[in-house]
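Novice: Throw the hints in and build the complete structure from the sequences for me.
Protein chains: 2
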Amino acid sequence: MQNPSGTSLSELGEFGLIKRLTQNIVLKNSGTIKGVGDDAAVLKFGEKYCIVTTDMLIEGVHFDLSYVPLKHLGYKSVVVNLSDVYAMNAQPKQITVSIAVSNRFTLEALDELYKGIKLACEKYGIDLVGGDTTSSVTGMLISITALGEAEPDEIVYRNTAKVNDLICVSGDLGAAYTGLQLLEREKLVFKTNPKMQPELTGNEYILERQLKPEARKDIIQSLKNIKVKPTSMIDISDGLSSELLHICTGSGVGCRIYEDKIPIAPETIKMAEEMNIDPTTCALNGGEDYELLFTVSLKDHDMIKENPGISPIGYITEANTGYNLIARSGQTAPLTAQGWNALLKNK
Amino acid sequence: MQNPSGTSLSELGEFGLIKRLTQNIVLKNSGTIKGVGDDAAVLKFGEKYCIVTTDMLIEGVHFDLSYVPLKHLGYKSVVVNLSDVYAMNAQPKQITVSIAVSNRFTLEALDELYKGIKLACEKYGIDLVGGDTTSSVTGMLISITALGEAEPDEIVYRNTAKVNDLICVSGDLGAAYTGLQLLEREKLVFKTNPKMQPELTGNEYILERQLKPEARKDIIQSLKNIKVKPTSMIDISDGLSSELLHICTGSGVGCRIYEDKIPIAPETIKMAEEMNIDPTTCALNGGEDYELLFTVSLKDHDMIKENPGISPIGYITEANTGYNLIARSGQTAPLTAQGWNALLKNK
Chain A
1 MQNPSGTSLS ELGEFGLIKR LTQNIVLKNS GTIKGVGDDA AVLKFGEKYC
51 IVTTDMLIEG VHFDLSYVPL KHLGYKSVVV NLSDVYAMNA QPKQITVSIA
101 VSNRFTLEAL DELYKGIKLA CEKYGIDLVG GDTTSSVTGM LISITALGEA
151 EPDEIVYRNT AKVNDLICVS GDLGAAYTGL QLLEREKLVF KTNPKMQPEL
201 TGNEYILERQ LKPEARKDII QSLKNIKVKP TSMIDISDGL SSELLHICTG
251 SGVGCRIYED KIPIAPETIK MAEEMNIDPT TCALNGGEDY ELLFTVSLKD
301 HDMIKENPGI SPIGYITEAN TGYNLIARSG QTAPLTAQGW NALLKNK
Chain B
1 MQNPSGTSLS ELGEFGLIKR LTQNIVLKNS GTIKGVGDDA AVLKFGEKYC
51 IVTTDMLIEG VHFDLSYVPL KHLGYKSVVV NLSDVYAMNA QPKQITVSIA
101 VSNRFTLEAL DELYKGIKLA CEKYGIDLVG GDTTSSVTGM LISITALGEA
151 EPDEIVYRNT AKVNDLICVS GDLGAAYTGL QLLEREKLVF KTNPKMQPEL
201 TGNEYILERQ LKPEARKDII QSLKNIKVKP TSMIDISDGL SSELLHICTG
251 SGVGCRIYED KIPIAPETIK MAEEMNIDPT TCALNGGEDY ELLFTVSLKD
301 HDMIKENPGI SPIGYITEAN TGYNLIARSG QTAPLTAQGW NALLKNK
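Sequences listed follow chains A and B, in order.
Quick note on the working numbering: the first sequence kicks off at 1 and runs consecutively.
Quick note on the working numbering: the second sequence kicks off at 1 and runs consecutively.
By construction, these hints were calculated from the structure, which means they are not laboratory data.
These numbers were taken from a predicted model, which means no experiment stands behind them.
Please note that the accuracy of each hint is not assured.
To spell it out: a stretch of chain A is covered by chain B in this simulated footprint if at least three of its residues, at any positions, have a beta carbon under 8 Å from a beta carbon of chain B; those stretches are [as the list claims (entries may be wrong)]:
| no. | segment |
| --- | --- |
| 1 | 29–36 |
| 2 | 135–148 |
If you want the ones that stay clear, here's a sample from chain A, every Cβ over 10 Å from chain B, calculated [to be verified]:
| no. | residue |
| --- | --- |
| 3 | Gly-131 |
| 4 | Leu-200 |
| 5 | Val-228 |
| 6 | Thr-231 |
| 7 | Leu-245 |
| 8 | Pro-263 |
| 9 | Asp-278 |
Pairs of lysine to any residue residues, derived as SDA-like cross-links and limited to a Cα-Cα distance of at most 25 Å, are as follows [claimed, not checked]:
| no. | chain 1 | residue 1 | chain 2 | residue 2 |
| --- | --- | --- | --- | --- |
| 10 | B | Lys-71 | A | Gly-46 |
| 11 | A | Lys-71 | B | Leu-27 |
| 12 | A | Lys-224 | A | Thr-280 |
| 13 | B | Lys-28 | A | Gly-46 |
Built from N, CA and C at the ideal position, the CB exists for glycine as well.
Specialist: Structure, rendered in structure tokens:
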């Protein structure tokens, strides 16, 4: 069935593969406003637009049940999808949840998973409206689709940034990645000596960012309150670099961001230094922070700077100036996408 | 993480598990018309209703790549979801496709899969609007969500059958199951002696029904043309018995169907007899036919009987008379759900 002399998928990478598989798709329905290529698809049902996004999480690739509690996993599985809907400047309303599990899992285990799923639904005001439940050959798989709603003129895409726009991020970056590194380190310690207790105290913030992230519903609401509509937006699931490059290549523009403006929490810096990783690298390439990266028109700068939860980190430039990071030293380095790549990770 | 003394999932079965996991779900959004519990969810966006359904297919559980061509698999993965949308008397419009593959698969293999996906989209006028692509630890996983559209008064649920309604099925039943049995038999022969060529000629019909099923868009259109709106409807993915019991228990009614009225193709009967299985058992419990099972008001009988693609097989009775099959011999037997159960199959 599979040609052993064919092209290996890791050569293409996730984005290359998606591009290849979705090329030549011609949209046929007038109700399909936006198909593949943003955080979510946009569909027209009557007056309102319906936003659809989907994510698949696989044990051993996206999560490790040796340190991820099932309830947290359920919560996070929902949140990562809601984050995609908010990144369209829309309100998530419903989800479907499909799970596949091997017979290693008990009903009580699934109850825990669903407790987390339902907690996220409760917190974000979402209805669980369907799904599929089946058995797997190995491990646990979770596939969630989220549906959201927006007025047609509210939707914000990723390919509409303009030259001179401010580049902003919500919250802080790199925490989820350092949290993951800590969990991996303690797992290794435990494997070597099962009597060792994991040293997690004092690191609650980065652990929570990894295990129980939140989607930035509050930022979307704040922007609405101050009547600032971003010119482009994306959520940060793969790391700041990768997402910013999506905005720039999609919009046909360049960018210039400043290392010293990238928001990084003290706990993240402390753990990164303890592990001998550059905190900026964690923020640029770490991923899984589920913060929002967006651009706003320069005229909105005054409104934005009042909000402590939003950091301007640079601005959009002409395409021919490239994608640049101005380091603390004053040196300019090209931004490259080294985001988390599920296709490469599992080689 | 998993309690070894917990409840095993196979004790509950798929429907028991779904019921357990989705209990206590309180719908919060006024736009959620129907959540868990039918072929698809029904959501309100503006004037129109949006129908959402999702299915997960897993290598080794739902398909066997040793005899399923990837292109057919892609086609079928789409069709099974569209079938759920038609079963709501709605028109499918968009799908999202998430796939996970191990590094055993090449790009060329995924191209084949997507050829089938795109062919189904082409044939049914569907837009592929999004998805997720990732790596798996083992094998291939496909999770598809389909979205459809309907006017609010067009939607047909499964829990609205009325006493005295006629019970009808489209097409013929049991073919997909005998097709699967044939493929499994020839696989076994091939394993024993790889020089043996599989004997598939003369059985094209049942093989196609298994490998490349179609969703009954035409039946939905026919019913519209003759202005017959079913009183309840479901698609037959798990076998006639299981689906009819869903309608009856959901509607709080009983049923009486006649063995000699159940439509079974000559090719299905021939193969069933060759394999020493009762053809009626194939139709009742085989599954994967993706025909429509629906009830219509008695007054519509004359309209229905003109359509050679629709077979009346019995009628709805009061709940206290139970669920009955009148055999060719005249004997009455209780109908039981022994549909295909993905949770039990992979023990």
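Novice: Please go over all the hints and tell whether each is borne out by the structure.
Specialist: Hints, verified against the model:
For the segment 29–36 of chain A, the stated coverage by chain B holds: 6 residues have a C-beta nearer than 8 Å to a C-beta of that chain, and at least 3 were required. For the segment 135–148 of chain A, the stated coverage by chain B is satisfied: 9 residues place a CB nearer than 8 Å to a CB of that chain, which reaches the threshold of 3. With a closest Cβ-Cβ approach of about 6 Å to chain B, Gly-131/A is found to fall inside the 10 Å limit, against its non-interface label. The Cβ of Leu-200/A sits about 17 Å from the closest Cβ of chain B, beyond the 10 Å cut-off, so the non-interface label holds.
Every CB of chain B is more than 10 Å from the CB of Val-228/A (nearest about 26 Å), matching its label as outside the interface. Listed as a non-interface residue, Thr-231/A keeps its Cβ farther than 10 Å from every Cβ of chain B; the least gap is roughly 22 Å. Look at Leu-245/A: its CB is around 18 Å from the nearest CB on chain B, clear of 10 Å, so calling it non-interface holds up. Its beta-carbon lying about 28 Å from the closest one in chain B, Pro-263/A satisfies the requirement of being farther than 10 Å from that chain.
The claim that Asp-278/A is not at the interface with chain B holds, since no C-beta of that chain comes within 10 Å of its own (minimum 27 Å). Proposed proximity of Lys-71/B and Gly-46/A is contradicted: the alpha carbons are some 35 Å apart, above 25 Å. Pair hint Lys-71/A plus Leu-27/B holds up; C-alpha atoms about 21 Å apart against a cutoff of 25 Å. A distance of roughly 30 Å separates the Cα atoms of Lys-224/A and Thr-280/A; the hinted pair therefore is violated under the 25 Å criterion.
A distance of roughly 21 Å separates the Cα atoms of Lys-28/B and Gly-46/A; the hinted pair therefore holds under the 25 Å criterion.
In this structure, the hints that do not hold are numbers 3, 10, 12, in rising order.
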